[in-house]
Each structure stands twice: as C-alpha cells, then as structure tokens.
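S.K.: Given the coordinates of chain A, assemble chains B and C onto it according to the supplied hints.
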Amino acid sequence: MRYAIRRLFQSLIVAFGVSVVAFGMLFMTGDPAEVILGESADRMSVSQIQEFRVKMGFDRPWYVQYGSFVGKALQGDFGNSFVRHQPAFEVITDKLPATIQLASAAFVLSLLISIPLGVLSAMNPHKLLDRIATVLAIFGQSIPGFWLGILLILLFGVHLKWLPISGSGTWQHLVMPSIALAAFPIARNMRLTRSSMLDVMQRDFVRTARAKGISETRVVYVHVLRNSLLPIVTAIGLEAGFLLGGSVITETIFGWPGVGREIVSAIGSKDFYVVQAGVIMLALIFSAVNLLIDIAYSWIDPRIRYGS
Amino acid sequence: MTQLDYSPAEKVVPVTEGPTAAPSQVGRPQVSQLLPRLFRSKAALMSLFVIVLVLIAALGATWIAPNDPSVIKLTQRLKPPFYTNSAGVTYLLGTDALGRDVFSRLIYGARVSMVVGLSAVLISGAVGLLVGLLSGYFGGLVDEVFMRICDIQLSFPTILLALTIMAVLGSGLDKLILVLGLTGWVLYGRIVRSQVLAIKNDEFVLAAHATGERQWRILFQHILPNIWSPVIVIASFTVASNIVAEASLSYLGVGVPPSVPSWGTILSDGRQYIGVADWLTISAGIAISLTVLSINVLGDWLRDYLDPRLKNIV
Amino acid sequence: MSGDILVRVNDLKVHFPVRGGVLNRVVGAVKAVDGVTFDITRRETLGLVGESGCGKTTAGRAILHLYQPTAGQVAFHGVDLGKESPENLRRTRRHMQMIFQDPYASLNPHMRVAEIIGRPLRVHRLAQNAGEEKDLVTEIMQKVGLDLSFRDRYPHEFSGGQRQRIGIARALATSPDFVVCDEAISALDVSIQAQIINLLEQLRDDLGLTYLFIAHDLSMVRYISTRVGVMYVGKLMELASSDELYEKPLHPYTKALLSAIPIPDPPLERKRQRILLEGDLPSSINPPVGCRFSSRCSLATDHCRAVEPEFREASTNHWVACHLV
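If you read the protein sequences in the order shown, they are chains A, B and C.
The first sequence begins at 1 in my numbering and counts up by one.
The second sequence begins at 1001 in my numbering and counts up by one.
The third sequence begins at 2001 in my numbering and counts up by one.
In isolation and in its complexed conformation, chain A is listed as follows (with noise of 0.2 Å):
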C-alpha cells in the first residue's frame, strides 16, 4: 500500500514534467508565434505577427502562460484546431477508441502466440520447432514494424487483395495492423520467455520437485512458468510504450484512424494544439498504464514491496 501511494506521488511528478514538456514544445524555436504559423509567418509583417502573438497571449511572461495552459488544460481545454474548427481535445479524444483497440488487439495477440510458443520452445530445446521459432522471433525483432505492414499491405492487399488496404470498422481492416503492430513483441516475448524458462528449469527446486515424482506436465506449468514469470511481465510492461509509440506509424501506413495517425496528420498541416493535444494524451495514458504495472508487479514480487 505504501508502495502504491509512493508510486503515485512519484505519477504526479512525472505528470507535472510532461506538462512542462508539452507546454515548451510551443517554445522550441523561441518564438511560439513562429512554431504555430510556421510558414505562414513569412508572408506576414512584423506588425501582423505581433497581432497575432498578443491575440493569442504571447506576449505574456512565461510562468503567467504556463499557468494559463495548465488551469486550462485541467479542464480539458487544450486549444482549438486550426483545420476542423473542433476543440483539439474532442479531435483526439474521438480517435482515442481506434488507437485502444488496435493496441489491445495486438497486444492480445502477442501474449497468444509468443508466450505459448516460448514454452513449447523451452521444453523441447533444439528441436525443430524451437530452431525454427527462434529464428522466425529474431527476423521478427529485426524487421522493422512499418516496412512489415508495407509488405503485408502489398502481399494481402495489393496483389492478392484478400484484405483492404486501409481504413477500420470490420475485422478484416484490423488483421493487418494488428499483425504489424504486433511483430516486434511477438519475438521479444516469445525469446524472452523461453530463455527465462530455461534458466528456471536449470534451478535446484525443479529438479526436487522432479525427483519428488511430480509430472512433466505439471513441473512445467505449475512450477517453472510461474516463477519465469517476473522478466517476462517486466517485458510486457514495457511494451505499452512500444505500442503506443508503434501505433502512431503504423495506424499511418493503414490509414487507422486512432490517435497516431491524427498527429501525424496534423504535424503534416501545422495543427499545433491538436499534436500537443495528442501528444500529452499519449503520455499521460502510457504513464498510468506503467503506474498500474508497477502497482501490479510490487503485487507479484514481494521483495519490492518490502524492500525499499
């Protein structure tokens, strides 16, 4: 419990910093009016320009503008987009659903597929099924996620037109992505399962509860599953970030309309509020994603409970 409340005081800083990051992204260049006419900004005067910068508050000192951005931002004021005349909040938060679902999908893909074929993979090493699992996770972990949707998209949608290339709303649009998205963790998880098993099965207390008669079967799945578990769950943990992050090239390339595709295309059209809109949504969503894990892991391994 003290664990919890630790981790959440720690969530509160770390949600004050992405505050501050996302608010200086407006001063990256030095000028936030530049950052957010962009181009437009040469074709301006100067006296436009200044216009324009106490319009939208500016000119003011920094700290008064953060406190601004902040108060609003509680909320859920996150400015207006430019291009849909729609507050950017309500733009991303639309998209929000899309980018869950595909995340989740891939996400219970890679558990139903590298975590049973790591184990098998375990208990049979060197065999041909291990051979060829390990060698598949390793191009897996090498081929990187978007050149694999491309390929997809080519084989499946392209040339054999067996699934549509873009787009949601049946399964099928969501095959492809999810596969994509998926690839990396896939491989990781499944390498990683089967060398965390390996190395449990090598312990001195599997080898009692064999001598004690107890099955195979159960040896495996009872006693050395559960204890490999930790780096494993380590790993998932991690991969939230890598989803989130994934999301936003791969929900591009199939033109899934989640939160990702939605920066990317307001990065393309100078949206400014709406990529600050999407980007703080990310990380605030990824951080109490880990802020749940922990929790969860401080749970599964007492020793971080009770340790300090």
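Please note that the accuracy of each hint is not assured.
As a list, the in silico EDC-like pairs of lysine to aspartate or glutamate whose alpha-carbon atoms are at most 20 Å apart [stated by the list, open to error]: (1) Lys1175/B to Asp31/A; (2) Lys161/A to Asp1278/B; (3) Lys1042/B to Asp130/A; (4) Lys1175/B to Asp130/A; (5) Lys1200/B to Asp2205/C; (6) Lys2143/C to Glu2084/C.
Between beta-carbon pairs, the in silico distance windows are [claimed, not checked]: (7) Ile2275/C to Pro231/A: 46 to 56 Å; (8) Ile1072/B to Lys161/A: 47 to 57 Å; (9) Phe1220/B to Asp294/A: 47 to 57 Å; (10) Gly1170/B to Val222/A: 50 to 60 Å; (11) Phe1220/B to Met56/A: 48 to 58 Å; (12) Arg1214/B to Glu2139/C: 24 to 34 Å; (13) Asp42/A to Gln1272/B: 41 to 51 Å; (14) Glu2139/C to Lys1042/B: 14 to 24 Å.
Treat the hints as calculated values from the structure; they're not laboratory data.
Virtual Cβ for every residue (Gly too), placed ideally from N, Cα, C.
M.R.: Chains B and C in isolation, oriented as in the chain A frame:
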C-alpha cells in the same frame, strides 16, 4: 579448561602452485579470447560480414556506387531492376520516380544509416554513462532528480517525441542525430545506474577508498571498467533501433531532407508507387532488415560473450 | 611491548538510519556500534570477537573512518581523525590499512595483480618512476609469498588463499603501521586459514605491525592476539589479555562463547557441559534498557535488566561490563 594448542606445522610456504580458475562475480576481461570465440559462431560471423559490407558501402560510397545518386533523368522514371538505358548503363535495382539510380541511392543510404546510428549512440552513450555514473555513485538529490527526469522522458514514446521535435525543427541530418541522441540517453543512464548501485558496495571499491584513492578516481578507474559490458550491448542494439528510427522518420517526412538518399527516403518515395514500382519499397526494406538483423545477432552474441546474465535485462 | 598508544578509540558509535514511511523519512537507527572504548598499543594485536551482527566489522571500518562515526572519537598517532581535513585524512590512510574478508569481492576483477598492489604506491606517490614501483611491488610479493610470474594475471585466475595474499600485499604496499584484519581468514578453507594466519604473524613480526584482528573463530583469535575484546550487540562486554580471557573469563557471555569451542579430545568433549544460550539477539534498532545480554543470560537479575553495566576494570587490565563481577 584444557589448553588449546593451535600451532600449524607449516610456516609460510611460498606459493608455487599455478593459478587456478575461480568463479568471478563481475565480468572478466577477455579481450584476447574474443576473436577465437567469434569465429566459432557461424551466425555471428555472417552478421559481422554483413555489417562490414554495410560499413564499406557507407565509407566508400563515392567509389562504389555505379552512378551519381542525385542525377535526375526524367526520361527513365520508374524503370524496373536490370533496366539498361540507351547509353548502355544498367540499373541493377531500377530507377525511382525521378529517374535516379536506386542501387546507388541505396549505397549512399548506408552512409546515412551508419552515420545516424553510430553518432546518435555516441551521444546517448556518453550522456547516459556520465549521468548514470554520477547518479548511481553519489546518490542523494542528484539521483532523485535524475530518476524523475528519466521517468518523465520515458513517458513519451520515443518515436512520438522525436517526431514532434523534428516536425517543429524541420528535417535535417544533424538535427536528427541530436534528437535521437537526446531521446535515447535515458536507457543507458538507467542501466549504468543500476550497475553502479550493484557494485558500489563491493569490497574492492571500499578497498580503494581505504587505500586513500579520491572519489573521482574510484569512479572512473574502478567502477567504470566494470560496467562496460551492458553499455556495449545496449549500444549495439540502439544502433539498430536508431537506423529504424531514421527510416521511420524519413518515411514520414521529418527525418533527413527528402533529397538526401537514405533508406527511409527511398521507402517514402516508394510509398506512392506501391503496386507499380515495388522494387523501391522492397529493396530499401531488405537493406534495413538485413542490417538490423545482423546487428541484432551480433549484439546477442556479444551479450552472451560478455555476460550471459544480461539476457533477462537487455 | 612498547608502551605508546597507536590508536585510541573513545565512545565510538555508528548508527545507520532506517528509512520508512511514504516519503522515506528516517524513522529509526540501527545502532551497529553503540559506545566502544579501547586503546591499541604499538606492535600489539588486539583481537575483536563476537557473533555475526555484533558490530565488530562496522567498528573496524569506523576506526579507519571508512564509515563515518556517528559519535565518539578515533585518534591515530594522537590525531583525531574526525577533525582532519579530507585531504589529510586521505594522506593518513597510508599508515592505516585494511585486509578484507572476501577474497573474491575485494579485488578489482579488471586489474592485474601488479596493478592492484602497485596502486597504493601510486596514490601516495611512493615511487618515483615505473621501475621503482615495479621493484617495490616485487619486494612485497616476495614477502607475501606470491610467485613473481603472477604479476600480469587477473584475480579470477587465482584461488581464495592466493587472492587473500594479493589483498595482504596491497594492504602492506605503503608500509602502514596499523592494519585492520577484517575477518581476513573467515572465507578461506581451513587448511589455507592456517597458512594465512601464519603469514600474518610472520609479517607482523618482520615489519613491526600493529593489528586489529576481527574474527569470529575464537581459537584463531587466541593464537594471534595479545589482547582480546568481546563484543555483543554493539558494545564491548569484556577486554583482557589473550590468556587471561580464555582461561579466566569473567563475563557470562564470554564463558558461553568459550564453552562452544570443541575440545579435540573426544572423551573430555563428551563429558563437559556446554552453556547454551536461549532466546534471540536483541534488536539493534531498539536495544534493551539495561544490560544487552540480560535477555539471554541465565544469571540475569532485575538490576541487570534495568541498569546498563559500566565497562570497568575488574582486575588489572581486565575490563568487563557486568553487574555480577
């Protein structure tokens, strides 16, 4: 009570027996054994071969590339591989939308990838190493602050962060290297810090203190040499991820400028012509995948060689 | 024995903070060493014994100021170490060294033997050039019984006993006056222990060293020490000359410890009565009021449990902390 008489028979015996192998806790220096071990692993050797090829391409692009990658010839746009033009020049991998030689662009692209991959790692590594050392060794407020900064930075998915920053700053090779370097240091910092914490209280560190060595000396001459292994392993994997990051960002238009031949820009060029000129997409993708694969395999081998216990961390 | 006092320890206390709570505040302290006073005269070997966790290792390290004492003073050659500037303290370390317990962890795995031994010489600039350093290292290696061919090897290539010799060589490189042997033989095989303790003895005689010999093996301590002190939960219970302590122990705890030493004479061993201690070690975070040993002492009275006994001289040069003496 009886008198205890403990007087061993031997006096000081000069040690004449030879050294015997004993288990060591921290990594052992084994540079002399590196090459023989390397040659025993076929996979590692092949990977090294590929990487050397890529490096040669990167360094010797000007001499190896058959054609100038930036020459635009609109008369031979989107020609497939092995196309020979009227002047008798054969384009091994065809041409792109502006008639440029894809093969030559690919070779020059190796240069971009290597430069980005290695430079960004140098920056991340240097910063991460320094901060991790100081944070782990001195602890206290410095450590707390560092951990919070790490947490904050890690809460932004790297690609997203790099994407946003590059979008605002505009594309450019040096900016890209800086951004990738500065978003990547956190990983090094964390691992270095945990390694320092692990050996900070080992007796040889205390012994150095007892000898009268100054803090800084202890830090750099006792602790640092013992934490190289994970840093090197992470560095190798980060080179790979930086190459992929460059490709992704260039693909989205915010990496290197579109005119610069890089594997990412070739992919980006190929995007509009999927189904029509697939060789653009496929060739660049294979180049990236093969390079990353080789780096990963070699990195795995290196990790197992230096310290197999890292398997569960890296 | 020459009479001048090399090390003077006065009411030494070392407390480690315990953190807890949500904000990691300090909520208590582990009182590892809680008021220890003794002197060490030149050329003597003071043994310090006690069970694990009694604070003897912490005391040894605090005396060398490797841990910062929470209270009390340590004077070396008459100079209060706590009041020295960091730079002076660093220079003084030349004269006071330590041999560590774990031969596997106390040597930097990335340094060669010659480097490990030569380093103290470099730190204190005792050699003018590389040649001189090499000669000095050679000299020490010979004294300690290490073959010169070992110079360029790494620690992991050696056995425990050899590594301990390297550690001894390192400690003696700067010709210190005072050496703390912190469980220097405890981690070695028994046969090697004999070799090393003989080595330590010989070096002491040849080089005129003063030792603080910390250990938990009572027979070894008796063999090498001139005086022996017994610690329990951070405090000294008894301090006397080696023979006096082993033959005429006054403190109940000492008596119990000594009764646990096996006698290499089976019929005799079978016949004798051992003193068994019941109960657990009291916590060093909340040590009991009164005598620390009272919770396990079969002779304890209410007075013992209420009032902490003073560490006083019960007979000539024989100090005890017990109400019943």
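S.K.: Next, verify each hint and record whether it holds.
M.R.: Hints and how they fare:
1. A distance of roughly 18 Å separates the Cα atoms of Lys1175/B and Asp31/A; the hinted pair therefore holds under the 20 Å criterion.
2. Restraint check for Lys161/A and Asp1278/B: the C-alpha separation of about 16 Å stays at or below 20 Å, so the hint holds.
3. With a CA separation close to 18 Å, the supplied pair Lys1042/B and Asp130/A stays within the 20 Å bound.
4. Straight-line distance between C-alpha atoms of Lys1175/B and Asp130/A comes to about 43 Å, which puts the hinted pair past the 20 Å bound.
5. A threshold of 20 Å between alpha carbons decides the hint, and for Lys1200/B with Asp2205/C the separation of about 35 Å lies outside it, so the pair is violated.
6. Straight-line distance between C-alpha atoms of Lys2143/C and Glu2084/C comes to about 33 Å, which puts the hinted pair past the 20 Å bound.
7. With their beta carbons about 49 Å apart, Ile2275/C and Pro231/A fall inside the hinted range of 46 to 56 Å.
8. The hinted window of 47 to 57 Å between Ile1072/B and Lys161/A is violated, with their beta carbons roughly 34 Å apart.
9. A hinted range of 47 to 57 Å is violated for the C-beta pair Phe1220/B and Asp294/A, which are about 33 Å apart.
10. For the hinted restraint 50 to 60 Å between Gly1170/B and Val222/A, the CB-CB distance of approximately 57 Å keeps it satisfied.
11. The given range of 48 to 58 Å is respected by Phe1220/B and Met56/A, whose C-beta atoms sit roughly 49 Å from each other.
12. The hint said 24 to 34 Å for the Cβ distance between Arg1214/B and Glu2139/C, and at roughly 26 Å that hint holds.
13. With their beta carbons about 28 Å apart, Asp42/A and Gln1272/B fall outside the hinted range of 41 to 51 Å.
14. Between Glu2139/C and Lys1042/B the CB atoms are about 51 Å apart, so this pair departs from the stated range of 14 to 24 Å.
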